[in-house]
Each structure stands twice: as C-alpha cells, then as structure tokens.
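Start from the sequences and build out the full structure, keeping to the hints where you can.
Protein chains: 2
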Amino acid sequence: MNLEELCQHAHEVRLSVGMLDADVKNKVLEDAADALLEQEAEILAANAQDVENGRANHMPEALVDRLSLDHDRLEAMADGLRQIAGLDDPIGEVMSMKKRPNGLIIGKRRVPLGVIGMIFEARPNVTSDAFGLCFKTGNCVILKGGKDAIYSNIAIVKALKQALQKNGVTEYALNLIEATDRETTERFMKMNQYVDLLIPRGGQGLIQSVVNNATIPVIETGTGNCHIYVDQAADLSMAADIIRNAKTQRIGVCNACESIVVHKAVAKEFLPMLYRALEDKEVELRVDPAAEACLDQNLPLVHPATEEDWGKEYLDYILSVKVVEDIDEAIAHINRYNTSHSDAIITKDYDRAQKFLNEIDSACVYVNASTRFSDGNEFGFGAEIGISTQKLHARGPMGLEALTSYKYIIYGNGQIRK
Amino acid sequence: MNLEELCQHAHEVRLSVGMLDADVKNKVLEDAADALLEQEAEILAANAQDVENGRANHMPEALVDRLSLDHDRLEAMADGLRQIAGLDDPIGEVMSMKKRPNGLIIGKRRVPLGVIGMIFEARPNVTSDAFGLCFKTGNCVILKGGKDAIYSNIAIVKALKQALQKNGVTEYALNLIEATDRETTERFMKMNQYVDLLIPRGGQGLIQSVVNNATIPVIETGTGNCHIYVDQAADLSMAADIIRNAKTQRIGVCNACESIVVHKAVAKEFLPMLYRALEDKEVELRVDPAAEACLDQNLPLVHPATEEDWGKEYLDYILSVKVVEDIDEAIAHINRYNTSHSDAIITKDYDRAQKFLNEIDSACVYVNASTRFSDGNEFGFGAEIGISTQKLHARGPMGLEALTSYKYIIYGNGQIRK
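Sequence lines, in order, name chains A and B. One gets the numbering used here by counting positions in the first sequence from 1 and adding 799 to each. One gets the numbering used here by counting positions in the second sequence from 1 and adding 799 to each.
Heads up, a few of these hints could be off.
When chains are identical, the list treats them as one kind, so a pair holds in a single copy or across two.
[Said to hold, decoys possible] In silico DSSO-like links for lysine-lysine, alpha-carbon gap of 27 Å or less:
1) Lys826 x Lys897
2) Lys960 x Lys946
3) Lys897 x Lys907
4) Lys965 x Lys826
5) Lys1147 x Lys1217
6) Lys989 x Lys960
7) Lys946 x Lys989
8) Lys1154 x Lys1063
9) Lys907 x Lys1217
10) Lys826 x Lys960
11) Lys1217 x Lys1067
12) Lys1147 x Lys1063
13) Lys1067 x Lys1080
Keep in mind the hints are simulated off the structure, nothing from the lab.
As structure tokens, then:
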C-alpha cells in the first residue's frame, strides 16, 4: 500500500473509530498489553536485529540504550497501555450547553481530532504509547518511526493490531509507515487532506524540519532551557535543594534546569552553598564575572560562561549561572533565553512571586518548586503525549484532552435567522 | 522598517501589551472608535483613491462594493470597536486550579497568544475588526491587507494608532505591512520566530496558499458547503422554511445552505413544495435523477446535477438536490462532500436526530434549525474573528477565547520531585 492510500484509509475509518464506546476501546488496550507480552519472543528478536544493525552502524551507546528492549521494558510498555485503559474517556463530554434567547440550545461536545500523525526517532516504546493515547481518544494514528527501530516497530505494531482484530475494530486505527526514506517522511508531512495533526517527537533537527515542511497542523514539543531565579528573599537552603533536584534528579529531560539566575544581594552567600550542593554530582558551573567573584578561585567545576551558554539546553551535568541587579533584569534575561517551557522563582516575597508568575512567558511558571514537575503525570493528567512549547491548541504537558477537538451540537425547533 | 524588524518589534512588545489592564484596553478601543470618525475625511479620501484604482483595473462591481467605505460603514466599524470594548476581558481568567497530593497548587491561567498575523483581501473593515479583537485579548497584531485596499488601510491604521498613542500604549501593538508584493507576503508567512498565529481571511486560493507555505501555525477559516437533510419524519413545512432561510436570507456567506439531501419516502411530496418556496427568489435546483422524477417536467429552474455540483459552494441562488435511500446514505454523502462547516437535519425522529448529531463530522451540527446560525454573535460570543473549519485549537465560530492561550502557574513550598 502506498503512502497516500494508507493516509486515505485512516481518514476513511476515522469516524467509526471515533464512535467506539469506551468499553470497547479499553478492552482493545488491555488485549494489546497482553499481546505485547505474548509476542515477547518475536518482538525482542526483531529488536535484537535493530540493535545489531545500530552497532554495525556505530550508533552511540546512549542511543543503543534507548533503542534496546528487554522483558522489563516490554512489561513497562504493557503497563502503560493498561494505565491508559484505566483513565476516563474524554470523548463525548459536553463541555458546555446553553440556551439562546431564540430557544436554540447550543452544546459543545468533545470529539476526536480524527487522524494523528507521529514522527519520532528510535524509541520503540513511543509506538505503543502513541497508539494507546490516540486510540483511547478515538483517533486513528499513523506512525513514522526512525529507521533504526524499524524491525522493532513492525513487530510491535503487528502485536497491537491483533488486539484490534480480536475486538472487531478496523486495523486502520493503527498504521505504520514502513518506508524509512526521507522523501516518504517529507511527503507524509504534506498529507493535510487526510491527517488532522502532526506531532514530532525527537531532537531539535527533526522538530524544525517538521515545522518548516509540514502542511498538516503541528504541535511543537520542544526543548527546555529551564531557569531557576534565586530572589534576594529566597530561603537559600530550599533554593539549593530545588536546584539540585531540578538539575540532577534526571539528566537529559526537557524539564531539567539548565540555567540559574541569582540576585546580587544573596549571590555571595548562595553560590558557594550551591557549589557544595552539586559537588558530589560533579555539576559544572558556567558563570558570568559577577558570579565568578562570589566563588573561591580555582574551584575545579567553575568555568566562565560565554554568550552561547545562556541559550543552551545542556542535557548534561552543567548549569549556567548569572547574577542580576534586580527581578526586572532576571525576567528580561529569562524571557530572552528560555524556550518558554518551565521556569521557577525561589522567594518568600509576595509581590515578586506574583510579578514572576505574571511576566515570565512560559508554559509552566513555578514559585518555590522544582521545574521537574512539568509532566502530565505530575500534573494529574494520568498520561502524557509530550510537552508543548507552542501556544496554539495545547501548551505545556499534554494529557488526553490535547488529542481532542470539539463540535457544536445545536437543538432547534424550527428557528430561522432574521 | 523592513518586514523582519516589524515582526521583531511586535514580538518584543507582546508581553507589555499582554499585561495591560482591561480598563486601559477598553479606553483605547473607545478612543479608536472616535478617531475613525474624527478622521472620516482622510479615510474616505484614501478609500476613494483605492476605489478609483480598482475601477481603473476593472475590479468587478461586487468587489468594489466590498472595498467601498462611506459614512455609515465607518460608523459601523466604530460601533464594532465599541462593542468589543463592552465585552468581558477573557485574559487572566483562571480556568482551573487544583491541589496535587504533594501540596503543589497548579492553576491554568488564560493568557494572550502573543503576536497574531492576519492576511486578508480588500475589505477595509477587517482592519479595525482585527485590531479590536486582537487588542482586546492582549495580542499584538500584524496586518497584511490586500493591495487593492492599501490606501484605506494606511489611513485606518493611522487613526487607530492615535488611540494607542493617546493612552501611552506602544504603537507596535498594531502593525500594517505596507508592501503589497507577493514575495513579502510569502516571507511573512514564515516568521514563526516572532508570530504565534496566522489567520487568513479570504477566498480559497489565499487560504490554500497560506496553509501550504506558512511555518507559523494557521487557523483555516474556510468555505462552507452546508447541507440540510430532510428526513422521512420531517415537518415538511418547517423544512421548506428553514431551507428558504438558509439559502436566501443572505447569499454569499459561508453558513448559507448549498446542498439538500431528501429521504426518498418524502421526496415526491416535499420537492414540489421546496420548488414553490424558492420560486420567487429564482433559486435554481440542480437535481439527481430521483429528484428530477419528483418534479414536474419543464420547470424552468430545475437542471440535472453533475458530480461537480455535490462539492460546490455556490454562494449564489443555486441548490444541489439529492434523494437518498436512508439516513446512512445521507450521512455518508454529507461527510464526503461537506467542508466540515455546518449541516442540519430536519426530523421529528429522536433516534435519527441523535444519529445525525453523532455521525456528521462538522463544526456545527443542527437539528431543526437554519445553518445560518453558525456565527459568533448568534452563538453568544459577542464578536467573531471567523469560522474555523479545522479541528486544532478552535473549531466553528471563533470568539475572543480563540485568540488566547494559557499558562500553568504553580504555587509550591519547596517541593522537589522524587
């Protein structure tokens, strides 16, 4: 089947998939979890083939690790599907209903988006996650995974499709684009006639390519250059704890802290505390001259920052550190260099806490908490598709509702317009 | 100032515009209404120049009419701004706030989108409407109007900017791209670094060009091939009244009815009624063979339909008419040929009313009412930016809320992630 036919099939069955009852959808998700485990041997064999090819192509070990599946990881994928089955179905909810002066009753009902495309790199777990989230919300999904995980993806999709078949649901609810060439990917991005939303998940290069080339509406799930501002009225020990958590609890995630901004009045006391709090984790500080002056000379983990450091998402044991004159300078600096993902202030001062919440232009703005909480599960959504760094449709952590649209249903009794 | 500088200026001031209090914004809108009327002479002179150029370039009279301003139309534009001033300000509303088990309090606060671009054709009233709606919601706006209305737009923007200046608000809250060449328009569509949303308003060609070329997220406001299905359990006299209203109350609007689908059991009784109901308006019926068989031969306004008729938005005194076997055929036909705008069923049958509401994939689905109600004012939004025919972000009539995003504000007291 060629790409256009595949997209067209998904488009044609979207309405029947969108009308499935929650009971049926949950049963499919439970069966899909079982199928993954029943077909463990085939899936792990396919994955071993991908890993072997990756090693032969000198794939970096960190990527090999992301690509590799084993029994525990497959179990985690199955658990993910079961967890999604347990969530409330958002489809069909009437978000509001009002009677107009002319007697028309106008309701706003939550419906699926239709067909969702996902373009992602070599993480096979995204395949089952994306299916689970899209199917739960009554959407058809078209997956375009990385070339490096193609055997794994084919095996996983085969197992998931058996669950659809077992429950009499069209197999076009789940579609994998098996061609892995660049040209197919670029043609896929322009299938706006059939696909309602495209979500790229991966590095900056992938996301930029999708934003620049897609005619399908895109949700950008982006990088996080997250800042923490230590105000002059901060509880400094709380600030050190929060920064240690936000930087080191998990490296390599988009809600990890990358940049510290400190008010000059507390820099001399705080920066040595911060250094000690991060020392055992060997976190390097890239500091501006004012911050450098607050730290002992010759500390091994302190280096001067360059202009480039302010805008960097390190995803590593590195923090940039800037000292500012006041909160206005802090806010201007953060709004200039952040990626509108998550930023925090540590303070006991009421006015400055409010000012920071009002003036920082990010999806998530915190007072006295770690930026690591920017996550669908931590926000209570029960699941997460990604974290949007754009303002249209969905911003910040995206739960099931981000995969829905609405339609107006209007009950009349003969009204005509005057 | 070049295009990039203009977009950058708007981006830079977006946060200060976004934080203006409603009192200030409303005062600017009232003053802008006054300024339009105070500068009536200049605006009408500039408009006369556009009209003269249009006539010299053989602009069709319908377009000349859309382009032309006079005292009454300027008054209507001013009234539009005053009406927007009177609406509630949606910015700052906390849409939800919950306490998480770890004590974090997570609120979702409505904020402006930032910078909104509008690309539109030769209707000068869009200039003040777009400014009013975007400014009320704390957004900066960049307008790219049609070449044919350039003198009018410059004069209108000049008046509106005086209201900003008078109230000490940055003039970059409102920006007009004065260059009218195609290349500037295409570069503008790719300014996603500075512009958060692009709304094209105009014909299908303009909208397709924006969808295909923009890297800025787009909301498609599209064409309406609206259907009315006359069920076998319809009140036929109600059906005729509603169709007459939906077709003829205003021709040339996207929520006008273009296509009638009739159940075979009532076609013989209903179609002659429909013909008579539309006869004085000289509405031509383009009919399939089954419908033709229900009408007297040689009626002057009946012609056979071709395949092309089913997908057509006539914007004229023409209706396509199809007879179907049952509601399933009706729904399949409508979902195939509609533009997902507005469709209606006329019936007294409960099950089929529900089925139609559930299965038709449109922004607005009606039972026993005219499709002409698909409109922001009729829906009680107080204003309308357009009618979205896409599913992302906003669907159907868009009020002020469609021009907003949200951010999460999180109150903690030292929480770190475990």
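Same-copy or cross-copy closeness of Lys946 to Lys989 [CA-CA at most 27 Å] | within (20 Å within a copy, 29 Å between copies)
With 27 Å as the alpha-carbon cut-off, assign the pair Lys1067 and Lys1080 to within, between, both or neither.
-> within (22 Å within a copy, 83 Å between copies)
Pop the pair Lys1147 and Lys1063 into one bin, within, between, both or neither, using alpha-carbon distances up to 27 Å.
-> Close inside one copy (16 Å), not across copies (73 Å); limit 27 Å.
Intra- versus inter-copy proximity for Lys1063 and Lys1154 (alpha-carbon distance at most 27 Å) | within (18 Å within a copy, 66 Å between copies)
Same-copy or cross-copy closeness of Lys960 to Lys946 [CA-CA at most 27 Å] | within (20 Å within a copy, 54 Å between copies)
Is it within a copy, between copies, both, or neither that the alpha carbon of Lys907 lies no farther than 27 Å from that of Lys1217?
-> Within. Shortest intra-copy distance 24 Å satisfies the 27 Å Cα cut-off; inter-copy 39 Å does not.
At 27 Å max between alpha carbons, let me know whether Lys1147 reaches Lys1217 within a copy, between copies, both or neither.
-> For Lys1147 and Lys1217, the Cα distance is within 27 Å only across copies (23 Å; inside one copy 58 Å).
First find the shortest C-alpha distance between Lys897 and Lys907 inside one copy, then the shortest across copies, and answer within, between, both or neither for a cut-off of 27 Å.
-> The answer is both: 9 Å in one copy and 23 Å across copies each meet 27 Å.
Is it within, between, both or neither when you check Lys1217 against Lys1067 at 27 Å Cα-Cα?
-> Classified as neither; 72 Å inside a copy, 29 Å across copies.
Which holds for Lys826 with Lys960 at a C-alpha limit of 27 Å: within a copy, between copies, both or neither?
-> within (13 Å within a copy, 59 Å between copies)
What label fits Lys989 with Lys960 when the C-alpha limit is 27 Å: within, between, both, or neither?
-> Close inside one copy (26 Å), not across copies (39 Å); limit 27 Å.
Up to 27 Å CA-CA - Lys897 versus Lys826, copy category = Classified as neither; 35 Å inside a copy, 31 Å across copies.
Consistency with the previously given hints fails for numbers 1 and 11, ordered from lowest to highest.
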